[in-house]
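With the hints as extra help, turn the sequences into a complete structure.
Protein chains: 4
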Amino acid sequence: METTNGSLNRKLRMALCGGGQGSFIGRVHATAAVLDNRAALVAGALSSNPEKAKASAPAYDISEERAYGSYDEMVEKEMKLPEGERIDFVSVATPNHTHFPIAKCALEAGINVICDKPMTFDFAQAEEMVAAVEKSGAVFAVSHNYTGYPLVRQAREMILSGELGEIQAIRSNYIQGWLRTKLEDSDQKQAAWRTDPSKSGAAGAFGDIGTHAYNLGRYMTGLFPEEVSCHLKSMVEGRALDDYGHAVIRMENGGLMTVTASQISHGRENDLFIEVDGTKKALQWKQENPNEMIVRENGQPHKIYTRDPNAPFMTPLAASSCRLPAGHPEAFFEAFANVYRFAYDAMVLRAEGKEFEKKDTIYPNVYDGAEGMYFIQQCVASSKENGAWLPMKYEKARR
Amino acid sequence: METTNGSLNRKLRMALCGGGQGSFIGRVHATAAVLDNRAALVAGALSSNPEKAKASAPAYDISEERAYGSYDEMVEKEMKLPEGERIDFVSVATPNHTHFPIAKCALEAGINVICDKPMTFDFAQAEEMVAAVEKSGAVFAVSHNYTGYPLVRQAREMILSGELGEIQAIRSNYIQGWLRTKLEDSDQKQAAWRTDPSKSGAAGAFGDIGTHAYNLGRYMTGLFPEEVSCHLKSMVEGRALDDYGHAVIRMENGGLMTVTASQISHGRENDLFIEVDGTKKALQWKQENPNEMIVRENGQPHKIYTRDPNAPFMTPLAASSCRLPAGHPEAFFEAFANVYRFAYDAMVLRAEGKEFEKKDTIYPNVYDGAEGMYFIQQCVASSKENGAWLPMKYEKARR
Amino acid sequence: METTNGSLNRKLRMALCGGGQGSFIGRVHATAAVLDNRAALVAGALSSNPEKAKASAPAYDISEERAYGSYDEMVEKEMKLPEGERIDFVSVATPNHTHFPIAKCALEAGINVICDKPMTFDFAQAEEMVAAVEKSGAVFAVSHNYTGYPLVRQAREMILSGELGEIQAIRSNYIQGWLRTKLEDSDQKQAAWRTDPSKSGAAGAFGDIGTHAYNLGRYMTGLFPEEVSCHLKSMVEGRALDDYGHAVIRMENGGLMTVTASQISHGRENDLFIEVDGTKKALQWKQENPNEMIVRENGQPHKIYTRDPNAPFMTPLAASSCRLPAGHPEAFFEAFANVYRFAYDAMVLRAEGKEFEKKDTIYPNVYDGAEGMYFIQQCVASSKENGAWLPMKYEKARR
Amino acid sequence: METTNGSLNRKLRMALCGGGQGSFIGRVHATAAVLDNRAALVAGALSSNPEKAKASAPAYDISEERAYGSYDEMVEKEMKLPEGERIDFVSVATPNHTHFPIAKCALEAGINVICDKPMTFDFAQAEEMVAAVEKSGAVFAVSHNYTGYPLVRQAREMILSGELGEIQAIRSNYIQGWLRTKLEDSDQKQAAWRTDPSKSGAAGAFGDIGTHAYNLGRYMTGLFPEEVSCHLKSMVEGRALDDYGHAVIRMENGGLMTVTASQISHGRENDLFIEVDGTKKALQWKQENPNEMIVRENGQPHKIYTRDPNAPFMTPLAASSCRLPAGHPEAFFEAFANVYRFAYDAMVLRAEGKEFEKKDTIYPNVYDGAEGMYFIQQCVASSKENGAWLPMKYEKARR
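Sequence lines, in order, name chains A, B, C and D.
Be aware that the first sequence starts at 51, since it is given in the working numbering, and climbs by one per residue.
Be aware that the second sequence starts at 51, since it is given in the working numbering, and climbs by one per residue.
Be aware that the third sequence starts at 51, since it is given in the working numbering, and climbs by one per residue.
Be aware that the fourth sequence starts at 51, since it is given in the working numbering, and climbs by one per residue.
As the list makes no split between identical chains, a pair holds if one copy fits it or if it spans any two.
Calculated lysine-lysine pairs in the DSBU-like style (CA-CA distance at most 30 Å, straight line): (1) K61 x K104; (2) K353 x K232; (3) K249 x K185; (4) K353 x K330; (5) K239 x K331; (6) K104 x K127; (7) K249 x K104; (8) K331 x K232; (9) K331 x K434; (10) K185 x K127; (11) K61 x K127; (12) K102 x K61; (13) K330 x K232; (14) K353 x K331; (15) K409 x K331; (16) K446 x K408; (17) K130 x K61; (18) K353 x K336; (19) K408 x K127; (20) K249 x K330; (21) K434 x K330; (22) K104 x K239; (23) K239 x K330.
Hints in this document: simulated from the structure, not taken from any laboratory.
Here it is as structure tokens:
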């Protein structure tokens, strides 16, 4: 487990946007970012409400003077600090509609960004974000955190190496139950903004978790989409956004991908489950039991790959994404931290003035984020047109 | 476990069509039919090849004189036997294209029929079959055998009683891998006819197993369909029929059902898996582990219902569909036999000149079979029209 | 699936002892015995109460004249029938204390016997049974039915072939919950005799299910025991026999086997679970999910062997113990029937005057049954002596 | 998730002993200790080799001046620092034989201690440790980290509240495979000291993991032991300590506990599995799948309790031991951190001069550690005496 940042020889300095009281994902970012002792949280704009922002700082051990009332104040003041003190990156963990202005502000100041997903409010913003990242030369990662699980990376590398043969079918489902009732009518902060089109964007379940399921299928397989037919539903009466949805995606190679997202399935917690069928082998993985993956081949015993950094079957990347030996389960925080960890490698290279990969990154990048926004846009549009087939090729998407 | 047939006080006499060497499902019928000691296999037309038909008889302990060379010969000669000797019912376990002529011949002679699925070659034949059954007054069951599992019946009764609330989503998948290679090019009898449009009908995977998945969703929930959009694929190059398919079905009540059928998923055996989401509870069941079902409700521990005939939570029908106490696993044969068992009840009533239920039967009936054929027809048509929405309301379908 | 009996060319004729109303295992024998169409139930002494015996006959389709009032009457009268009509074998499915007199009576008439387990009331009787079998030359099988599961046989053959290396540890547990309350005080027939020392013998849980767990370990591994230390408890107050017990067994090769049997574990159904550790590989199998077995080897993905008669990894015996393809689950009845099926092979050989294997049989034989009785005797004695080490070597036991 | 330390209003300052290159558990302590942002690692004596100790400091971000060459140097120099700078506690993550001198040195200086398990080299040392802790008034926790899992605490509270009734049986197994080969003959640091009696103590597998399994049974149930009979084996030829062992423990209330520990079971990773049978309910939990626990009751569906801090069924302590909502799996690090977190509460109270609980603590304390050493001592002794029953009552053990 690395703890320094190579020849940089210091911790990276982090600022957090969002994470005030009632927040869920802000705390996750803060915990994941420092798990490997490579970064320290030193500044924050923890709420859009300046008073709340400052009041939340002690809980993160952020000093009073660096607990800012707004993100633009933060960027402005941090940039005036000596180079050896100012922040290296901003983590954006706010409701969706504010991701873009915050990230853009940081990028324009040359600050690296780790941005929550969905990356922006809509696809137009996403395209602007791509331009802003390209212009800035900064490191930009999107927290499609499920890509951080060691066995997800193992699956990706097995597939990209051709071990599964040609991929012909992907079934990626993300099933939850927490919005089974109209929670947004109560005071639940999470439910309130996630079901509000003015904060969440054009999609509900499909924006919040459908994108994860889609991203996982894309990240694991590298398969490229061609067109999509989608069906979104608001199963809970009076809800403004979809809480159940299903997309059929024709892939460029003739394969078929299906994506289901639900927030209304009783008792289902965070059940992201993917199956991939290749001509040579098939595999499946389930987020709630992330330390194992099943690989099947006709005529052979089914194989359970466990997360085992010492096993000969693990790829070097997957092994290096582990922190504990087999049987000592790793989970959500560690996977989240793996998005950070590999973005840190790029940040260190950048800080040292070196080249770093921008498109075919291990972590999800701005192109992945933009593709996710395109997916949402086309799904919502297809659903409105009775499931019409709409194009899904985003030219800048990674292949 | 009942063994007599009530006041009838004798075993029912069975004839088998199909089941000659290389057959799979014929032997299953023969075994399931006698499991409860309520029937005896006394006659057969075991192959379309008369010589093979006769040669196969000893393996079923069918006497030489009742081993017929063809089904029409069988029906004709059996009807000439004294009433106390002649067959009560015919089980049709032949390739799909011959189901209809065989069943029709039996029905016209007033003989009860247990027919394999898909029920006919096409929907037009299915409608003729409905008419033939209605005219005959005979008992007619279709071997949608998965409805015979005790926990499937438990699920059905829990749902119909309203325990799960309004059903809003059904995901029913049937995943296999055995046709991953082009097995039909070798000498494999099963693969040969199941991938041949002239014997199997218009659909491959969707006819063979997609119908089971659809039927299971309909049987469990009673939810009525409105329209279907379907995507069928032949993933194995050169295959004449679909080996992978996916249907989205809008239900009359606004709910959404999705059906996936695959024959090309490496290592997958016979993985029929269904999830049902209601407003009050959700449940899931998996054919390969049929003795348990999971029921979930937000805020409650998840509940594993095991097949336990002595448990207070089992419905009377589900309990009476068991033969063994909990923990003594029951499986495929027993479920298959449960289709027979409950059809026998009707046959006994008929033999005694009494009324018996014809539509809302415990076992799958001719209307279910016809609905399955309509499903195949509309799926194939929708797929040909690029996934166009086509109507799925079959007026005679059970509600 | 064979259905004839080779050159014998007729069904074997079966008589059933036990199986009257309220019986559980009698019906299981009757169903399993005919599953493969190789035998017919033609006679019975279904209860120790002659009236009940005769009244129970119709439920088994046994004719009035062959529904006998007692087992000795049955043996006597059957032996007077012409050779072509009289029974070939008797299945003994009565409470434990009557196994011996019934089996002995049949053996002395030269009739083959399938006997329930535990084989006798005590070990002294078991030794007499061995003598009686040896003298008779008849086929004798004991219904340690769990040996009939295809994957148990697969495990046995993999182990005996050396694939797992030297076996060093066996953990075999059989956990139930049905006697958690003092059911014997109510009218439950099963509980009544199984907790009654005068009918069940010296042990309760250890006699009823501990023997199964022990037998499974012995059958799977072929490892030979040296000595045993045992601890039996009656957890339910006032119960006459043990309902929980644990034995530690030192094996001849230095390995260690532990056996736990419980009837008082809430909600546990019929949970027979075994783990075997070898120097090269380890495996585990669970009766309640009998169609899969896990095989592990350091540094390799864990392997799930499913019951798949067509898979290259299945041994010929294990494959021939299947009736259905993979994914079509087989279960309790089929395993039970596999004890019968392989005993039938021996009966056919005997009927044809040929030699047949008597010690190293596929089915559990009289030596296995006797070893089980020795196990019970030594466990009870050890427990009474505070867990003292007592010898476990039974000289006639199979190696 | 709390991040401050209440009115103390500062992070606690931590020193680490052990954790140099090749160490496994040192890094785990360092990561777990700071997970909740309540402590900072500021000093260390990272190796018994002074040069290696200093060389390892950067990897922990420990400044050069506080990277000490030995634990006594560290304690001496830290105590000379101003009160507002010096360490609050020492984490001892060294091989077993050095736990005691290090901890004693710290305790005598009044420094709190988090000590790895087994707590000492032998039971005599453990008794001295108890005296040292009692004399010091310091907080002392032992890293029986599995007690930190939220569902383990949930189980404990359900059991202590009487929900399971009287506990009659506990089966606690800890199965690993990593020492299947004689790894100590290679250069593997972990294997080397853990199989060396001069560093590990009198027991191998039983000291390393058997104590965890025993502690888990004791912690979950509160049941008190009476006597033990134990069987230890060195399955790998030439190994100095046991690598497989089994203990039978008679509990004071008449219940029976069995403990199995293995390091030689192929492919088994870190499989700590416990089953508890009560008169009213039974439960089971498995460390490798720690976010669920199964609770069973005769006649009821089995219940899967998932780690869900928002569910009404969770006890307040178990809920407060969670950091993430249900379905976002938590694992090894979080459980480990929960030992720290609750010890921190006591440290804060102590720092503020307040009373804190010393015996019935949420975290494992010195009495638990001492009981573990007594368990090891009696197991080793019993095994040497052929499994003789030896007393297991440790008078200071918690009840």
